[in-house]
Amino acid sequence: DAKTTQPNSMESNEEEPVHLPCNHSTISGTDYIHWYRQLPSQGPEYVIHGLTSNVNNRMASLAIAEDRKSSTLILHRATLRDAAVYYCILSPISSGSARQLTFGSGTQLTVLP
Amino acid sequence: NAGVMQNPRHLVRRRGQEARLRCSPMKGHSHVYWYRQLPEEGLKFMVYLQKENIIDESGMPKERFSAEFPKEGPSILRIQQVVRGDSAAYFCASSPLPGTEAFFGQGTRLTVV
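First to last, the sequence lines map onto chains A and B.
Counting in the working numbering, the first sequence runs from 35 upward without gaps.
Counting in the working numbering, the second sequence runs from 4 upward without gaps.
The shape of chain B in the complex, shown without the other chains:
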């Protein structure tokens, strides 16, 4: 059973470009969570999704950020018009049920130049 797969592992974008981060949850997991870790800081919750539904997006910045988890395919975290402050490690986690152990991916390290 493969773990949570995130790609790409490293992503470099120029200011103003779009960044798309992908997360394939573990097999059988229908709950996905995105977290962001800024340099030298702890992880901060961004959004919680189930298949085709956003359950809680209380941690998402109000502009430029969006997330989806379609019926088929990976969950996508999309950042439009990236700025230098978006440079961070973005982690995805999945779980089979809410309130159970969450498994994290290796993260995508976004660098905005």
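For reference, chain A alone in the conformation it holds in the complex:
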């Protein structure tokens, strides 16, 4: 399985934008880039996913490099409730393979008031 690399931790000030990077230099052409986050004592929560084009939803934006070897999750205005561990995960779209999410260690985001 292709691997992702994320910084262990990042800090942000409240109400400022946050850019969470992820490197995935061995990504294959059929891998989707997924982002999940896990708040303390909670189950993971889906944030966003994409394949090649940049994506926006109500929670965040996903910027994908043209060569797809890296991506950035963008939280436009961080709030205290965004403090969580953010996981960048690659998952194949092949219907023949069981879908499973390989969670790495993620990035612990701290939001400062």
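Keep in mind the hints are simulated off the structure, nothing from the lab.
Glycine residues also receive a C-beta, built at the ideal position from the N, C-alpha and C atoms.
Fair warning: there could be bad hints in the mix.
In silico negatives: residues of chain B with every beta carbon more than 10 Å from chain A [what the hints assert, rightly or not]:
(1) L14
(2) R17
(3) Q20
(4) K30
(5) K47
(6) K54
(7) E66
(8) P77
(9) G88
(10) E104
Below, a list of computed lysine-lysine pairs in the DSS-like style, where the Cα atoms sit at most 27 Å apart [what the hints assert, rightly or not]:
(11) A:K37 - A:K103
(12) A:K37 - B:K65
(13) B:K54 - B:K65
(14) B:K47 - B:K30
(15) B:K47 - A:K37
(16) B:K47 - B:K65
(17) B:K54 - B:K74
(18) B:K47 - A:K103
(19) B:K47 - B:K74
Starting from the structure of chain A, add chain B where the hints point.
Okay, now just chain B, sitting in the frame of chain A:
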């Protein structure tokens, strides 16, 4: 539409007892995934099931662990003769199709004393 429901939220078992963890997927979801999160670690995939079928159990320990997803009722993760090393948070996720967004439950925190 209720989310993924797991029960119990907390479970305490003595060494050697059996633990049964239940997961009711979201309505309309026929794909269920179980993950385990050991203290201070990331989530690890255990098993992927569709109704009445185990699709991928590559992450399940070879002994004492079993999972089912019957035609009617919740998915069950069963751990026989629990040991202290089984203490962890067990998360269930469901999706309507493989390769689509997975929704996680709040988890069951198993403590073996």
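Cross-check of the supplied hints:
Against chain A, the non-interface label of L14 of chain B holds: every CB pair exceeds 10 Å, the least being about 15 Å. No Cβ of chain A comes within 10 Å of the Cβ of R17 of chain B; the nearest lies about 24 Å off, and the non-interface call holds. Chain A leaves Q20 of chain B outside its interface by the beta-carbon criterion, the shortest separation being 24 Å against a cut-off of 10 Å. K30 of chain B, annotated as away from the interface, keeps every beta carbon of chain A farther than 10 Å; the closest lies near 17 Å.
Listed as a non-interface residue, K47 of chain B fails to keep its Cβ farther than 10 Å from every Cβ of chain A; the least gap is roughly 7 Å. Non-interface status of K54 of chain B relative to chain A is upheld: no Cβ of that chain comes within 10 Å, the nearest being about 15 Å off. Residue placement check: E66 of chain B keeps its beta carbon more than 10 Å from all beta carbons of chain A (closest about 21 Å). Against the 10 Å criterion, P77 of chain B stays outside the reach of chain A, whose nearest CB is about 16 Å from its own CB.
Separation of G88 of chain B from chain A is adequate, the least Cβ-Cβ distance of about 19 Å exceeding the 10 Å criterion. Non-interface status of E104 of chain B relative to chain A is broken: a Cβ of that chain comes within 10 Å, the nearest being about 5 Å off. Using a Cα cut-off of 27 Å, the hinted pair K37 of chain A and K103 of chain A holds, with the two alpha carbons roughly 11 Å apart. A threshold of 27 Å between alpha carbons decides the hint, and for K37 of chain A with K65 of chain B the separation of about 25 Å falls inside it, so the pair holds.
At roughly 22 Å between alpha-carbon atoms, K54 of chain B and K65 of chain B fall within 27 Å of each other, so this suggested pair holds. A C-alpha spacing of about 25 Å is found between K47 of chain B and K30 of chain B, which places the hinted pair at or below 27 Å, so the restraint holds. With a C-alpha separation of about 14 Å, the suggested pairing of K47 of chain B with K37 of chain A holds against the 27 Å cut-off. For a cut-off of 27 Å, the pair hint linking K47 of chain B to K65 of chain B stands: about 15 Å separates their Cα positions.
With a C-alpha separation of about 6 Å, the suggested pair K54 of chain B and K74 of chain B falls inside the 27 Å cut-off, and the hint holds. Distance restraint check for K47 of chain B and K103 of chain A: the Cα-Cα separation of roughly 24 Å lies within the 27 Å cut-off, and the hinted pair is therefore satisfied. The suggested pairing of K47 of chain B with K74 of chain B holds, with an alpha-carbon distance near 26 Å, which does not exceed 27 Å.
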